[in-house]
Amino acid sequence: GKNEIILQSTTSTQNSGLYEYLLPLLERDTGLRVKVVAVGTGQALKNARNCDGDVVLVHARDAEEKFVADEYGLKRNDVMYNDFILIGPEDDPAGVRGARDITEALQRIAAAKAPFASRGDDSGTHRKELRLWKAAGLDPGAAREGWYRETGSGMGATLNIAAGMGAYALTDRATWISFANKGGLAILHEGDPALFNQYGVIAVNPAHCPGMNIKGAETFITWLLSEKGQKAIASYRLKGQQLFFPNAHSALPGNGG
Amino acid sequence: MLFYSQLLEIVALSLEVSLVAVMLAALIGIPLGALLAIGRFPGRTALIVLVNALMGLPPVVVGLGLYLLLSRSGPLGILQLLYTPTAMIIAQTILVTPIIASFSHQIFADLHREYDEMLRAMRASRWQTILTLIREARHALITAILAGLGRALSEIGAVMIVGGNINHATRVMTTAIALETSKGNLRLAVSLGLILLALSFAINLALHFLRSRLERAAHA
Amino acid sequence: MLFYSQLLEIVALSLEVSLVAVMLAALIGIPLGALLAIGRFPGRTALIVLVNALMGLPPVVVGLGLYLLLSRSGPLGILQLLYTPTAMIIAQTILVTPIIASFSHQIFADLHREYDEMLRAMRASRWQTILTLIREARHALITAILAGLGRALSEIGAVMIVGGNINHATRVMTTAIALETSKGNLRLAVSLGLILLALSFAINLALHFLRSRLERAAHA
Amino acid sequence: MPESNVLPLKPKDSQKAGAGFLISVDALGYRRGGRSLLDAVSFELGRDPGITVLLGPNGAGKSLLLRLIGGLIRPDSGTIRFSPDFRGPIGMVFQKPVLLRRSVRANLLHALAIARIPRRERTGILARLLVEADLTHCAESPARALSGGEQQRLAMARALVGDPVLLLLDEPTASLDPAATAAFEALVRKVAGEGARILLVTHDLHQARRIADDVLFLHKGRICEHTPAATFFRAPASGEADAYCKGTLLT
Amino acid sequence: MPESNVLPLKPKDSQKAGAGFLISVDALGYRRGGRSLLDAVSFELGRDPGITVLLGPNGAGKSLLLRLIGGLIRPDSGTIRFSPDFRGPIGMVFQKPVLLRRSVRANLLHALAIARIPRRERTGILARLLVEADLTHCAESPARALSGGEQQRLAMARALVGDPVLLLLDEPTASLDPAATAAFEALVRKVAGEGARILLVTHDLHQARRIADDVLFLHKGRICEHTPAATFFRAPASGEADAYCKGTLLT
Ligand SMILES: Nc1ncnc2c1ncn2[C@@H]1O[C@H](COP(=O)(O)OP(=O)(O)OP(=O)(O)O)[C@@H](O)[C@H]1O
Ligand SMILES: Nc1ncnc2c1ncn2[C@@H]1O[C@H](COP(=O)(O)OP(=O)(O)OP(=O)(O)O)[C@@H](O)[C@H]1O
Ligand SMILES: [Mg+2]
Ligand SMILES: [Mg+2]
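Going line by line, the protein sequences match chains L, Z, W, H and Y.
Per the working numbering, the first sequence starts with residue 1, numbered consecutively.
Per the working numbering, the second sequence starts with residue 1, numbered consecutively.
Per the working numbering, the third sequence starts with residue 1, numbered consecutively.
Per the working numbering, the fourth sequence starts with residue 1, numbered consecutively.
Per the working numbering, the fifth sequence starts with residue 1, numbered consecutively.
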């Protein structure tokens, strides 16, 4: 059929402008056209389950693995990573800047009851944040603390909210760098290995979705994982910074997802 | 997942925000519509076209405009209204007013053509004229209000931005639906939508009977 | 960032989708409104209330319902309409039809009260009656159509879900605005909103002069 | 609710031809808002052409009776039967003319279209109607901007579309000037002469005297008498009709 | 456009009191749709109470003239001046009664409210008006369901609210039965006797003869004559008026 696939993707990759850089290169090499539908991780996997896409590219490792285990997708492949960062008001009312690690940083926020904007949407980032709170021995969501705001929206919207009320938030670095409405916010904590953020790509299982474009999906994944594709990812820069780090062939240790 | 108590909380907030917004919009929009229909002042035509065009105001834009105003660093940041139901009410009022004003204008223009000379022969003041027309149009105005209510209840773009869909604080039906959608809980999202629709149906039913009574009283 | 050619593409698709949807909605909604106004059949009252209530149909819900239908694994998946402008047109038609039908009903009910006996004395058929009323109401119906157009142009929830906001394929003004918002480009988003509003203003202006001419012809 | 037959085009009660009546009204009753507006109204209009004038004070129920016969409203009791060979349209002029928001010409063309007059015949008929109603000079004016008398003449012209065999005319000359009234009366006589049956309401006793073949007198929703015109104007049988003619009937 | 003063309550032209006229109409012109509907209309109505009957064929411009005097439309040329001591409201009855979609009672209460009659006086005036218009029996009926004659009586009652010193009445008895017409004429005579000036349009020459103090005759938008009633009905000065009265005036 048509040399065209639909990619169900998270919003962070789209918002960062990665696809606008990558896809023309891909099309030049392979002739394959990719239509990107950028939605929440949960919705992306659900849409793929419904056969409304040929490939998924998300960052929620356990959900991805379940997707494969349930035979909705073929093999899961690491593509690239970046990391999560903790951002918050420049004046840092909770004094997070000096924290040793993310656990301590979160504890300081809780102790100061400083506003914290949580995605609250069951996305990869949200799940990550919940695990971090748990590791810090806290469960502010369940406690219905006033300072803990579950925004129930995407990363960009949550950052807008954080900017609007001067709250702390956890975000992936790509979204942050490309985000224009930084208001009075700044990166207050980064670099903890626990903040690692792995992206994976999966072709939808043609046994489950007979009408899908498996050839196109394979072309896409092969290119993305190829030397050329990986180099292209590494060479994408925004405001002078590299947003994504290819790691198809060298999954880093501590790749907890 | 959503629990019953949480659902009630969300439904209550939806109703509160939208009903208050529609009430405010009616208080502004109906007299505005009447003025556009009976007034003769420079710029009237432009104002009519503008009000009609504002029906196409995208909610996201209203939300953003208010966000820029009410944000911490914005000119009205001091009021601390962002992410409160008050901000959501303001946003919906802005969205609904053009709809109610536009329809009121249409309704009043027809009635005014009919009653203009009679009222002027009676030397009715502008204000007496407006009140007479509102009273004559009251059952037709209900349709305008219902359209406004439909818009308010189903609106998401603006309340999402200025409300923030914050759990236990500013989450309403539509933002909850969007959240469940982004989680991939499509059927739960649709069910919430049907609950919202049932609410809308109930309100419409109540107003329908009110309108029928008004109409019967007027025409018999 | 958005380039000029891309902006043109997006504006053109917005206009195409919304204008076609409003046209279809008018073709369904106006006769439906007329039927509700002049017909006497069992369930009429319920249908009227339903149509009014459907004005409160949340776009996200329409989007989801349509998604579930048109999804490859859905009953109509075979049509391959998901993520196409056609799906977006269908979604907006569903959203706009109740608005147009509801207002047409209100307009026709008033006219029908006036003309009913005259037309029955002439032994006009049901169809002749509907056509006569449509012709008499044509300038008032333009307001109904404008309200529908406003809704369609500013709508986002449904086109986002069934269109997918795919670059160069299904991206329209509102989904572009939402995308820029989520990138934090608030001022660009607001500017896009203002362009959309200017478009809406231009369309309204054109229809306003059309309506004035119709009105002048009718009343003088 | 007793059987009632208000649609003349498809009479349910098949009557023997030559039964002698064109319309037979039997024990008609109509109530609204707790008041009995028409009560036990019975009369017949014969098959022979002619002009029946319906007289009665304000609020007697004359307009209601015309609308009942025209099939526009349904009686609460009683029947209206049409002779089985009754064919063709009924022409009506309402007490308040209801005109479309169009020009005079467009109003007439609309009526011609509704009556399914073939398109090529319409121009000719239109011109004739405009002349008959003396409206040629304002054919392009918006109908609702016409003077009261002009509107009434337009309504009359419209009622003649399709050559009706029954004309129900509700105070058709109330706003006409003397010359137009005379022209109207001549027209009605001509139409009656060509075979149409006419039921006409008026408060103008001079007019009634001039054109009535027979008179129906209605008072408080009841028929007081139905007599030939000559008899009626010589000496009305009922006291009410007598008082009405003298201008002393209190309602 | 020449200066025109159509709002009687604030006369711009201050005239000397006792100048002899209540209303002075000077060279009035009104055009619409390319036709000259009123042309160089000039006349005066004196300060003394009385009934002026405005006669003229359909489409002559009578209703337009009344609406111009009432200040409801603006002339294209010419002036209408009121005597400087003219005070108080003008009562109008339109050719087609315009009634609110409310009960008869509510229509009258509305008029009383608009005229700013104090609340406690309203009940008494309402009852009197209902009796005067013979509408007590249908006070609670929706005004638009009334019979034609009843609507006209309601419109007349409404025009009397606030005791106007000038009444502009456009064919107010066109739908009235003989008794109601007689009652109306008595009422108008009484109101005139109490000091009001009345300008009344009618096509009923018998009525004009009965109540007119003077007659204005309008034809094709021009005043043909303005003479005392006795003179007019003995021998109209203009050929048009003569033809009109004989029912032979062609428009
Ligand atoms: N829907 C209604 N509700 C209440 N009363 C009504 C209704 N329709 C008519 N009536 C009353 O019925 C009576 C008869 O009305 P109709 O119009 O038949 O009178 P009419 O004989 O034609 O009088 P006119 O000479 O004034 O035209 C009137 O008193 C009127 O008020
Ligand atoms: N807006 C308008 N456009 C065109 N013609 C108009 C308009 N208004 C009035 N006319 C015409 O002006 C003429 C005078 O109208 P007017 O209503 O004053 O007549 P009238 O003397 O009251 O007649 P009648 O006795 O029939 O009531 C009529 O021929 C009418 O068609
Ligand atoms: Mg009548
Ligand atoms: Mg007139």
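Careful: at least some of the hints might be erroneous.
[What the hints assert, rightly or not] To give an idea of the interface, some chain L residues facing chain Z are shown, with a C-beta separation under 7 Å as derived from the structure:
hint, residue
1, PRO24
2, GLY40
3, GLY42
4, LYS46
5, ASP121
6, ASP122
7, THR151
8, SER153
9, ILE161
10, GLY164
11, MET165
12, ALA180
13, LYS182
14, ALA186
15, ASN247
16, ALA248
[Stated by the list, open to error] Derived, one-sided and incomplete: chain Z residues facing chain Y with beta-carbon distance under 7 Å:
hint, residue
17, MET122
18, ALA124
19, ARG126
20, GLU136
None of these hints come from the bench; they were simulated from the model.
Here a beta-carbon is modelled for each residue, glycine too, at the ideal position from N, C-alpha and C.
Would you pick out the hints that fail for this structure and give their numbers low to high? 1, 12, 13, 14, 15, 16, 19
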